[in-house]
Amino acid sequence: MWKLAAFFALALLAAGCPYPNHPDDLQVRDPVPSGGDGFSLALYQSVGVAMRPGHEVELVENGRIFDVLEEEILRAESSIHIVSFIWRPSYPSTRLIRAILKRTQEGVACRVIYEPFGSPGFDDKIRRTLAEGGCDVRRFRNYSNGTPGRLFYRNHRKILIVDGRRGVTGGFGIWWSWL
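With my numbering applied, the sequence shown closes on residue 432, and no number is skipped along the way.
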């Protein structure tokens, strides 16, 4: 009898849980202009950020991303901020670490946030090297912290910001497969 009561209590509890937003609610249904005021308005309506004049965007594909990341890091005068979902020991990682350490030796502040789920090997190899070189290195979140489902609360960002003025973002990780 108690199993039947527990089943109904669980069913009532599940029925009272809110359903997630439907993904269709966030889709742009009308064609978006490729430029000008129409594009600016569509961007603002979608993400709440207004376009400002004076910015440039460059499409960087495949392994060239590491050339751009290295160039931007080496141009840093005051700060380097990196947030990465995937950063694993590899040639691209070694290349960027060298550039970062060169800049930190010259007094440039460096802050790194990495995602432990997507970056196996980071703690053992990369974290220590960056920290000893003067970077402030932080883990995004531990795997659980005792909260059920917390494993899936991850940070999928891939961002480099240099001197608070130039940025690189996109669908890349710091690992071999993006060469």
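Treat the hints as calculated values from the structure; they're not laboratory data. It should be emphasised that the depicted structure is a prediction, and the values quoted were computed from it without experimental measurement. Note that CB positions come from ideal geometry on N, CA and C, so glycine has one too. Keep in mind that a hint or two might mislead.
To be verified - Computed spacing ranges between beta-carbons, pair by pair:
(1) Asp-290 - Gly-374: 42 to 50 Å
(2) Ser-332 - Leu-432: 21 to 29 Å
(3) Thr-347 - Asp-283: 31 to 39 Å
To be verified - Below, in silico cross-link-like pairs of lysine to aspartate or glutamate (DMTMM-like), each with a Cα-Cα straight-line distance of 25 Å or less:
(4) Lys-378 - Asp-290
(5) Lys-355 - Glu-324
(6) Lys-378 - Glu-324
(7) Lys-378 - Glu-311
(8) Lys-355 - Glu-385
(9) Lys-355 - Glu-330
(10) Lys-256 - Asp-290
(11) Lys-355 - Asp-290
(12) Lys-355 - Asp-376
(13) Lys-256 - Asp-283
(14) Lys-355 - Asp-377
(15) Lys-355 - Glu-323
(16) Lys-355 - Glu-325
(17) Lys-355 - Asp-320
(18) Lys-378 - Asp-320
(19) Lys-378 - Asp-389
Check each numbered hint from earlier against the structure, then list the numbers of those it violates in ascending order.
3, 4, 7, 10, 11, 13
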